[in-house]
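Visitor: Here is how the chains run, residue by residue.
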Amino acid sequence: MFERGKKDEGLDEGADFRSAAPPRSSESPSPKAASRGGECAVIGRSIEINGDVRGNEDLRIEGDVSGTVELRNSNLTIGKEGKVRADVYAKSVTVDGTTEGDLYASERIVVHISANVRGNITAPKVGIEEGAKFKGSIEMDQGAVEKALGKAHLQGAIKPVGDRQSGKAADAKVGQKDVLKEAASGLNPSGVR
Amino acid sequence: MGRATARAPMDKPAAALNAPLFRLLVDQLDTAGRHVILDLGAASTPMLSLFGGSRCRVEIADLACDGGIGRINTETDPDILVTTAESLLPRHQSDDDVDLVFCWDMLNYLKPEAISALMNAIAARAHAGALAHALIVYSERSMPDRPGRFVPTGELKLVNHAAPAATMEAPRYSPEFLGRIMGNFAIEHARLLANGMQEFLFRLRT
Numbered sequence: 002m003f004e005r006g007k008k009d010e011g012l013d014e015g016a017d018f019r020s021a022a023p024p025r026s027s028e029s030p031s032p033k034a035a036s037r038g039g040e041c042a043v044i045g046r047s048i049e050i051n052g053d054v055r056g057n058e059d060l061r062i063e064g065d066v067s068g069t070v071e072l073r074n075s076n077l078t079i080g081k082e083g084k085v086r087a088d089v090y091a092k093s094v095t096v097d098g099t100t101e102g103d104l105y106a107s108e109r110i111v112v113h114i115s116a117n118v119r120g121n122i123t124a125p126k127v128g129i130e131e132g133a134k135f136k137g138s139i140e141m142d143q144g145a146v147e148k149a150l151g152k153a154h155l156q157g158a159i160k161p162v163g164d165r166q167s168g169k170a171a172d173a174k175v176g177q178k179d180v181l182k183e184a185a186s187g188l189n190p191s192g193v194r
Numbered sequence: 718m719g720r721a722t723a724r725a726p727m728d729k730p731a732a733a734l735n736a737p738l739f740r741l742l743v744d745q746l747d748t749a750g751r752h753v754i755l756d757l758g759a760a761s762t763p764m765l766s767l768f769g770g771s772r773c774r775v776e777i778a779d780l781a782c783d784g785g786i787g788r789i790n791t792e793t794d795p796d797i798l799v800t801t802a803e804s805l806l807p808r809h810q811s812d813d814d815v816d817l818v819f820c821w822d823m824l825n826y827l828k829p830e831a832i833s834a835l836m837n838a839i840a841a842r843a844h845a846g847a848l849a850h851a852l853i854v855y856s857e858r859s860m861p862d863r864p865g866r867f868v869p870t871g872e873l874k875l876v877n878h879a880a881p882a883a884t885m886e887a888p889r890y891s892p893e894f895l896g897r898i899m900g901n902f903a904i905e906h907a908r909l910l911a912n913g914m915q916e917f918l919f920r921l922r923t
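Chains as they are written, first to last, in the numbering used here: chain A, 2 to 194; chain B, 718 to 923.
Simulated from the structure, these hints should not be mistaken for laboratory data.
Be aware that a few hints might be false.
Below, a list of computed lysine-lysine pairs in the DSSO-like style, where the Cα atoms sit at most 27 Å apart [unchecked claim]: (1) A:Lys-92 - A:Lys-148; (2) A:Lys-134 - A:Lys-92; (3) A:Lys-134 - B:Lys-874; (4) A:Lys-84 - A:Lys-134; (5) B:Lys-828 - A:Lys-134.
What follows is a set of in silico ranges between Cβ atoms, one per label pair, in the way DEER data are often shown [what the hints assert, rightly or not]: (6) A:Thr-69 - B:Pro-881: 23 to 29 Å; (7) B:Ser-891 - A:Asp-53: 52 to 58 Å; (8) B:Ser-811 - A:Ile-48: 52 to 58 Å; (9) B:Asp-744 - A:Ile-48: 48 to 54 Å; (10) B:Arg-751 - A:Gly-68: 28 to 34 Å; (11) B:Glu-886 - A:Asp-53: 51 to 57 Å; (12) A:Gly-132 - B:Gln-810: 37 to 43 Å.
Residues from chain B that face chain A, not an exhaustive set, calculated with beta carbons under 8 Å [what the hints assert, rightly or not]: (13) Ala-760; (14) Asp-779; (15) Cys-782; (16) Ile-786; (17) Asp-812.
Computed from a prediction, not measured in an experiment: that's the story for all the values here.
Cβ atoms here follow ideal geometry from the backbone N, Cα and C, with glycine treated the same way.
The whole structure should be built from the sequences, with the hints applied where relevant.
Guide: What follows is the structure, encoded as structure tokens:
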């Protein structure tokens, strides 16, 4: 069910997928650099899962998953071809594909431009790329995040970005860009696109 | 709201719009308190940044996404109109009612019946006294044929990041007319802005 391989190299048509993808911003890592990362499990594009997915390793979904996805200590990437109809719990979530359900992360959630997300997002840090399709609510209030995820999972989690009290939305904007940048370099295991 | 092919007078880079009522809203927001903000437009990083440091939940309706505006504007059955309006809003969490609604320029693209249905649906999930902020095309007879993408700047001005578009006739809703179609949202303040739009602040009556 799970294909194991180098990050971004477990896809059936990895090379074509990369070349067909739109170019990312200059902040994004090159595919070569990204492919030097560690391993992660991959649910390939021809795989359909109805039920619960649980684990303790990073996962990339390119197929269809319905049910629940729990990777509370690991990173989840929903690839461009991925379709997830599930509530998702993970350390971090990066979305390039389609999701319907609520997304919870103890560290961060990043929604890229190719994504179509329907549901609520709960995480201390959230980045939504300009042009991404998103309908739902975004919860970054630490108290609400802790309530949703349980305090234990937030140990070491990063504070929310932005500081309206200091009237520095522009500074906060840089912080949000950093979320996308960090996600592109660290959380999106493939660096595809 | 007839269509025209001329380009909107927005081809030049968008300037930051000074919107005093928006600034007032944000400045007066109690940063220590919990707030639920409903944005009828698309999600934007500057918006999340602005409120990300506060104890806020931001709800994104993105009415323009997937033909939402067309669906509600073409519905004629009053009962279906109600359910259509509700379906365009994010799933409601009953323990967390809306405090603040950012309509931006979205109301210009909705028919009066659609505005009424939408504002009634919002009122049903909002606190009494909730505020709604809107930008209405007032001086110009035409407007871009699709809603803008207004995002706040660090100076609490608004910038429209929408790509240049063809134009269409603007409905130019008057304050009196808006007062009749906004349901229980009553006009609290209105100001004419430098770009010819009128900025409105509505408050949900108890």
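Visitor: For every hint, state whether the structure bears it out.
Guide: Hint check results:
For the suggested pair Lys-92 (chain A) and Lys-148 (chain A), the alpha carbons sit about 15 Å apart, so the restraint of at most 27 Å is met. As the CA atoms of Lys-134 (chain A) and Lys-92 (chain A) are separated by approximately 22 Å, the hinted pair is consistent with the 27 Å bound. Between Lys-134 (chain A) and Lys-874 (chain B) the alpha-carbon distance is near 24 Å, which keeps this suggested pair within the 27 Å criterion. A hinted pair counts as satisfied when its Cα atoms are at most 27 Å apart, and Lys-84 (chain A) with Lys-134 (chain A) qualifies at roughly 14 Å.
For the given pair, Lys-828 (chain B) sits about 24 Å from Lys-134 (chain A) by alpha-carbon distance, which is consistent with the 27 Å threshold. Against the hinted window of 23 to 29 Å, the Cβ-Cβ separation of Thr-69 (chain A) and Pro-881 (chain B) comes to about 44 Å, which falls outside the hint. In this structure, Ser-891 (chain B) and Asp-53 (chain A) meet the distance hint of 52 to 58 Å, their C-beta atoms being roughly 56 Å apart. The given range of 52 to 58 Å is broken by Ser-811 (chain B) and Ile-48 (chain A), whose C-beta atoms sit roughly 37 Å from each other.
Taking the beta carbon of each, Asp-744 (chain B) and Ile-48 (chain A) are about 51 Å apart, inside 48 to 54 Å as hinted. Between Arg-751 (chain B) and Gly-68 (chain A) the Cβ separation comes to about 32 Å, which falls inside the hinted range of 28 to 34 Å. The given range of 51 to 57 Å is respected by Glu-886 (chain B) and Asp-53 (chain A), whose C-beta atoms sit roughly 53 Å from each other. Distance hint check: the CB atoms of Gly-132 (chain A) and Gln-810 (chain B) are about 27 Å apart, inconsistent with the given range 37 to 43 Å.
Look at Ala-760 (chain B): its Cβ gets to within about 5 Å of chain A, closer than 8 Å, so that hint holds up. Look at Asp-779 (chain B): its Cβ gets to within about 5 Å of chain A, closer than 8 Å, so that hint holds up. With a least beta-carbon distance of about 6 Å to chain A, the hint placing Cys-782 (chain B) at the interface is held under the 8 Å criterion. The interface hint given for Ile-786 (chain B) is violated, since its Cβ lies 14 Å from the closest Cβ of chain A, which is over the 8 Å cut-off.
With a least beta-carbon distance of about 11 Å to chain A, the hint placing Asp-812 (chain B) at the interface is violated under the 8 Å criterion.
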